[in-house]
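K.L.:
First residue of the sequence shown? That's 1194 in our numbering, and the numbers climb one at a time after it.
What the hints contain is simulated information worked out from the structure, not anything from laboratory work.
None of the values given here were measured: they were computed from a predicted structure.
Be careful, since some hints might not be right.
Derived DMTMM-like pairs: lysine to aspartate or glutamate, alpha-carbon spacing no greater than 25 angstroms straight-line [unchecked claim]: (1) K1280 with E1292; (2) K1276 with E1295; (3) K1276 with E1223; (4) K1300 with E1270; (5) K1300 with D1204; (6) K1280 with D1195; (7) K1280 with E1262; (8) K1280 with E1295; (9) K1300 with E1223; (10) K1276 with E1294; (11) K1276 with D1291; (12) K1300 with E1262; (13) K1276 with D1261; (14) K1206 with E1223; (15) K1206 with D1195; (16) K1276 with D1290; (17) K1276 with E1262; (18) K1280 with D1261; (19) K1280 with D1315; (20) K1300 with D1273; (21) K1280 with D1291; (22) K1276 with E1292.
Label pairs and their computed distance ranges (CB to CB) [what the hints assert, rightly or not]: (23) F1314 with D1195: 29 to 37 angstroms; (24) Y1252 with L1211: 23 to 31 angstroms; (25) Y1252 with E1274: 16 to 24 angstroms; (26) M1197 with R1228: 18 to 26 angstroms; (27) E1294 with M1266: 17 to 25 angstroms; (28) G1208 with D1291: 51 to 59 angstroms; (29) D1204 with D1290: 37 to 45 angstroms; (30) N1202 with F1314: 26 to 34 angstroms; (31) L1296 with G1208: 38 to 46 angstroms; (32) T1288 with M1266: 30 to 38 angstroms.
Here a beta-carbon is modelled for each residue, glycine too, at the ideal position from N, C-alpha and C.
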Amino acid sequence: GDVMIFVSNQDIKRGEELCISYIESEHLCENSHVRTNLLDMDFKETLAGDDANGAEKMYPIIDLNMQDELMSMHPIERLDELKQLFKQATSDTVTLDDEGEELLWFKSDAHQLRILLALTFDS
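Required output: the full structure, derived from the provided sequences and hints.
P.N.:
Here is the structure:
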């Protein structure tokens, strides 16, 4: 018959109901506040990344647009850029964007950069 494999971040008791997550597996390691923001990003349209209370929402830096931009680069240039971004994503040093705002790196950003590095080395 058909088989479905579930990955869980906690023990599952016999007979316990399982649900399918709407969050990609690489985001499951983030805290609950971040996961909630990620769900909002997919299902709600907000202005300029703000929530209803006026608080700025945080989203991963390495999103689909950034991945497309990186993958459109020449492989040598992409490799240099990916190494630099990975160093920033895994460092304890504060990184600033072009407007001087602090970039908040997610664990999933480093994960996505590892994948893009592997794809670049493979090409």
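K.L.:
Look at each hint and say if it fits the structure.
P.N.:
Here's how the hints hold up against the structure:
1. K1280 with E1292: Cα-Cα ~20 angstroms, so holds.
2. K1276 with E1295: holds, 19 angstroms
3. K1276 with E1223: The hint holds at about 22 angstroms.
4. K1300 with E1270: holds, 24 angstroms
5. K1300 with D1204: holds, 23 angstroms
6. K1280 with D1195: violated, 42 angstroms
7. K1280 with E1262: Holds: K1280 and E1262 sit about 18 angstroms apart, inside 25 angstroms.
8. K1280 with E1295: Cα-Cα ~15 angstroms, so holds.
9. K1300 with E1223: holds, 7 angstroms
10. K1276 with E1294: holds, 21 angstroms
11. K1276 with D1291: holds, 19 angstroms
12. K1300 with E1262: holds, 20 angstroms
13. K1276 with D1261: holds, 16 angstroms
14. K1206 with E1223: Within the cut-off at roughly 24 angstroms; holds.
15. K1206 with D1195: Holds, at about 22 angstroms.
16. K1276 with D1290: holds, 17 angstroms
17. K1276 with E1262: holds, 15 angstroms
18. K1280 with D1261: holds, 20 angstroms
19. K1280 with D1315: holds, 20 angstroms
20. K1300 with D1273: holds, 20 angstroms
21. K1280 with D1291: It holds: about 17 angstroms lies between the C-alpha atoms, which stays within 25 angstroms.
22. K1276 with E1292: holds, 22 angstroms
23. F1314 with D1195: 29 to 37 angstroms: Distance hint for F1314, D1195 holds at roughly 35 angstroms.
24. Y1252 with L1211: 23 to 31 angstroms: With a Cβ separation near 27 angstroms, Y1252 and L1211 satisfy 23 to 31 angstroms, so the hint holds.
25. Y1252 with E1274: 16 to 24 angstroms: holds, 20 angstroms
26. M1197 with R1228: 18 to 26 angstroms: Check passed, 22 angstroms falls within 18 to 26 angstroms.
27. E1294 with M1266: 17 to 25 angstroms: Holds: the Cβ-Cβ distance is about 24 angstroms, inside 17 to 25 angstroms.
28. G1208 with D1291: 51 to 59 angstroms: Once the Cβ atoms are compared, 53 angstroms apart, the range 51 to 59 angstroms for D1291 and G1208 holds.
29. D1204 with D1290: 37 to 45 angstroms: The hint (37 to 45 angstroms, Cβ to Cβ) holds, given that D1204 and D1290 are roughly 41 angstroms apart.
30. N1202 with F1314: 26 to 34 angstroms: Check passed, 30 angstroms falls within 26 to 34 angstroms.
31. L1296 with G1208: 38 to 46 angstroms: holds, 44 angstroms
32. T1288 with M1266: 30 to 38 angstroms: violated, 20 angstroms
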